[in-house]
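Peer 1: The chain contents come next:
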Amino acid sequence: MDRAMWTAASGMKAQQTRVDVISNNLSNVNTTGFKESRADFQDQMYQTQRLPGATSSAAGTQVPTGSQIGLGVSTASVSPLFEQGNLESTGNNLDVAIEGRGFFQIQTPGGETAYTRAGTLEIDDQGRLVTPDGNPLLSGITIPPDATSVNISQDGTVDVQQPGTTGTTTVGQIQLATFTNPAGLEARGSNLFMETGASGPAQQGLPGANGAGTLQQGYLENSNVSVVNEMTSMIAAQRAYEVNSKAISTADEMLQMANNLKR
Amino acid sequence: MQEGSIYTALSGALALSRRMDSVSNNLANANTTGYKADRLDFEGVLSQAQANRAARQPDAPLTFPVMQGTETDYSQGTLQETRRALDFAVEGEGFFRVRAEDGGLAYTRDGHFQLGSDGRLNDSEGRAVLDDQGSPIRPGSDQVTLNRDGQIFVPDRQGPVARIAAFRAQDPGLMEKQGDNLYRSQPANMAEAEDSEIRGGHLERANVNTMEEMVTMMDLQRRYQAMTKAMRTIDETFSESGQRLASPGQ
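Taken in sequence, the protein lines are chains A and B. If you're matching positions, the first sequence starts at 5 in this note's numbering and goes up one per residue. If you're matching positions, the second sequence starts at 2 in this note's numbering and goes up one per residue.
Wrong hints could be hidden among the right ones.
[Stated by the list, open to error] SDA-like, lysine to any residue: derived pairs with alpha carbons at most 20 Å apart:
#, chain 1, residue 1, chain 2, residue 2
1, B, Lys230, A, Leu259
2, A, Lys250, B, Met212
3, A, Lys17, A, Thr236
If you are wondering where the hints come from, they were derived from the structure by calculation, not from laboratory data. Quantities reported herein were computed from a predicted structural model and do not represent experimental measurements.
Generate the whole structure from the sequences, applying the supplied hints.
Peer 2: Here it is as structure tokens:
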């Protein structure tokens, strides 16, 4: 019964992890470009008292089934789901959404390259396109101070209109990065993801090529969290937590009976 | 009353506590992808022993109930839609085949697959998922689609990348659970499951019926109580007869 208690405790811990992941998803339900995560579980090792198919007599008879008792559950992975979020029109010229699999490339203060789906861009004092945290886009695009309007086309070309000139001037093109296995990216917070050995190296490309997706100016990508799914998972997690706690109290009561054997 | 009878009750209590371990493991894995519940049925052994006594040797010594074996319930779990292309589920008796760390074959119902950085289809621990021929699958993209025959397609590529097949055990009793959602079996025991279908964008939930497990738990707790009561009664009876024998005048 000792075993039963620890096994059930692992079940409670797994459900706790699940609820942690769900509450992070729910709290980011309105975060631009947020990707929901999911916890997946696997059974732990088994104590094998007898192997299936073991020989049970000198005559060579085999036992039809083994005797194995499992030792609970562990978390296999908590990985993000890179499904496209809905695009929402904002009317802001510097809001850009990616429709496809690509990521914006951002330079962090530490000099590393980070990747994001949140296209809430702004212009800093040097005219650079930056994230709300002030980290510049890697493409190194500078908007002239006297520009009256900025136009970002689907292929990432940034055109500006300046007073005294007719037509527009192209100041650069936004590049996107794609990954073989985006689920292997490391979430860094602040809507940023970092490249890892599991994600594979970033492949740079222009919007519209290699499945990187096109850019939509004046739109933002909503988080892809489905509230209904999360609520359902939360109910399931709570119920599973309850039955596992019942298993612990049952095992405890049985132990108590065993203790009461000796007068 | 035989002196050994207290051990009969003890073995009953031990068998029940093993069963509790197994119920507890089923409940802990109630949300584990592709988990198959274990049944631990020693009652059959008990009644068989009783039948033997009745039929052949009424004076045979008491047979102690022992756990004969665990039996895994391989019935289908519910398929849940996940919106993730790399989630696969088997509908039917088959298992996915993966290449285990030691180079051998292992089987799983957990189709929560990932793409390695080299574009290879892996399980959640990074083991290669194998196609119908036993080679790794390299879709190179997480945008996979499956047809009813198990052929895997990716965008921008003509024809199927590979064909994934499910394998079933001729004798499911010979499959051994290994943890990590893996099963092992002799390759000779495994053959392609013709009537199984693999679905993309779905995961199979555990087939644990929590209500059934709760009832089993209540039932076995009561039986355990009865066994411990029996042990106490036997103990009391012996101590009483011991006292009577020691002082026969009373």
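Peer 1: Would you mind marking each hint as holding or not holding in the structure?
Peer 2: Verification of the supplied hints:
A C-alpha spacing of about 14 Å is found between Lys230 of chain B and Leu259 of chain A, which places the hinted pair at or below 20 Å, so the restraint holds. For the proposed pair Lys250 of chain A and Met212 of chain B, the alpha carbon gap of about 12 Å is at most 20 Å, so the pair holds. Of the supplied pair hints, the one linking Lys17 of chain A and Thr236 of chain A holds, its CA atoms being roughly 19 Å apart against a limit of 20 Å.
When each numbered hint is compared with the structure, no violation occurs for any of them.
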